[in-house]
Amino acid sequence: MKDITILAIESSCDETAAAVVVNGRQVLSNVISSQIDIHTLYGGVVPEIASRKHTERINQVIRQALEGAGKDLKDMDAIGVTYGPGLVGPLLIGVSEAKALSFAAGIPLIGVHHIEGHICANYIAAPELEPPFVCLVVSGGHTHLVLVRDYGSYEILGRTQDDAAGEAFDKVAREIGLGYPGGPKIDRVSREGDPEAIRFPRGKASGSRYDFSFSGMKSAVLNYLNTAKMKGQEVSVPDVAASFQAAVVDVLVSHAEWAMEEYGLDRFALAGGVASNSALRAAMADACQRHGAAFYCPPPVLCTDNAAMIGAAAYYDYIGGIRSGFDLNAVPNLRLGER
Amino acid sequence: MKILAIEASGPVAACAVLDGEILSAEYSIQYKKKHSQSLVPMMDEVRRMLDLDLKGLDAVAVTAGPGSFTGLRIGAATAKGVGLALEKPLIPVPTVDSLAFNLFGTASLVCPLMDARRSQVYTGIYDLTEGFEVLVPQRAVAFSDVAEELNALGRPVIFLGDGVSPNRAAMEDLLKVPYRLAPVHLSRQRAGSLAARAAMLYEEQGEACLVSADDFRPTYLRKSQAERERGDQRDFRLI
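Residue numbers (my numbering), protein chains in the order written: chain A, 5 to 343; chain B, 7 to 245.
This is chain A alone, in the form it adopts within the complex:
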């Protein structure tokens, strides 16, 4: 079979990214232009600023991806682009650019679901991995426990009912003075803290047992800090960070274990920005070992928002016959499995 080469574009949040991917698994280039320095000034991603920066950088990022792959636009079999979920302003830049490229170069267009992209990052990292498997997608905007039945076929077992896990990390990090982005900072500080110093509640969602809730956990940390302040007690930032992180990891791992038990699958994958968290990786690897399941987790560069993962997802859409029209729009609340 002929190789399928895809140019992929991702701009759903604050990373402007483009990649060239062959057959969904082989990454020829993966360019990520991060705006994190700018948004750090504001303590979080400012959509209007992100949209402006995407507009300024997108052509250079795409050009770099093509040059890095040693390819021309005309060598592409398709253009894959994230069209949701995400921030509408940023999404529109990638979508508009991809449609224009598709129009002007006569190359088929494929709108890709951002979360599908995160899941498919595992196909790049582990060439042997095939569905079915269970995947936990955790990032700044998403917390989904997903049953991957087949390529392009997903069942959401559980999702967060309030904050995403990464969002909770950001908010707690801000409160204990670590700043933005919270995930990596809490991860680092936690190594010096005692994860059992404070017992924060393990948040329980009211819906499906697979659903998550992190806002209660976050409030518990804030209460702890306020109480200590009122009593004039000193607070150990490493202990708070480590204890909070332990609570989040506990919840994530226990949900994953239930899914492994119920569905009896021997493959489990992590995905999303928070999958880079070292405590989560270690705990999930242990859990998989207990359940005799193979554990998959992409390297950090494929966990963060990137376009290679979009290229992987676009490939399976491509061979599944999916094509998008020039009327493709950004869909900020796009649900997994929807088109």
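Source of the hints: derived by calculation from the structure; they are not laboratory data.
Any given hint might turn out to be false.
Stated by the list, open to error - Within a straight-line C-alpha distance of at most 30 Å, the following computed DSS-like cross-link-like pairs (lysine-lysine) qualify:
id : chain 1 : residue 1 : chain 2 : residue 2
1  : A       : Lys-6     : A       : Lys-75
2  : A       : Lys-233   : A       : Lys-175
3  : A       : Lys-233   : A       : Lys-208
4  : A       : Lys-75    : B       : Lys-61
5  : B       : Lys-8     : A       : Lys-75
6  : A       : Lys-175   : A       : Lys-189
7  : B       : Lys-61    : B       : Lys-40
8  : B       : Lys-39    : B       : Lys-229
9  : B       : Lys-229   : A       : Lys-175
10 : B       : Lys-8     : B       : Lys-39
11 : B       : Lys-229   : B       : Lys-38
12 : A       : Lys-233   : A       : Lys-189
13 : A       : Lys-78    : B       : Lys-61
14 : B       : Lys-8     : A       : Lys-78
15 : B       : Lys-40    : B       : Lys-8
16 : A       : Lys-235   : A       : Lys-189
17 : A       : Lys-6     : B       : Lys-61
18 : A       : Lys-6     : A       : Lys-78
Let chain A serve as the given structure and place chain B on it in line with the hints.
Chain B in isolation, oriented as in the chain A frame:
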């Protein structure tokens, strides 16, 4: 000079193809449908109707801003994508200039008013009697400032743009010069005007009016709310 013009800065999504002296196509939609859904399908329709070989284009004209932040970026990213794919330069045209060009040749002054919200308009003042003379370049101001300048100039004026209707009462109250409103077919952004103004710029300036698709970025004339508030905070601390 063969130009594809892309306009999405305001309430209209539009595209046009100008081939030398001939405006081969002009397609304009003002409807509740989003620009992101309509713009590229319109361009594709124009291509098919004209049997247009895109490689034969010399440049892509695009409204450079100001305008709706999102609309500007849809136009910008679309133009940048076409420019990248075809390796063709862009000709950015200030939005208010492009809008004023609708009324090229009129003896009155021309004053486009784009609704900029927050009680302001994006506007400029033009004398288009013989050439393209910008008396006051585009900026964001309150209509009362525009009225004052027009009164000082003391000449009849024609208003156009989607900022006209929110300011009808203010016109009645503040203006001391005769004024008229452009008819509907000339009162909004037009891709044909954008293309024609871009061609004129190229004629006057040559390659100096070209911007690479990679480098083009819209002119917003306004900071984002977050940047403004951050600036404000700093000011408070200074006090």
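**Asked** What hint numbers does the structure not satisfy?
**Response** Hints that this structure does not satisfy do not exist here, as all of them hold.
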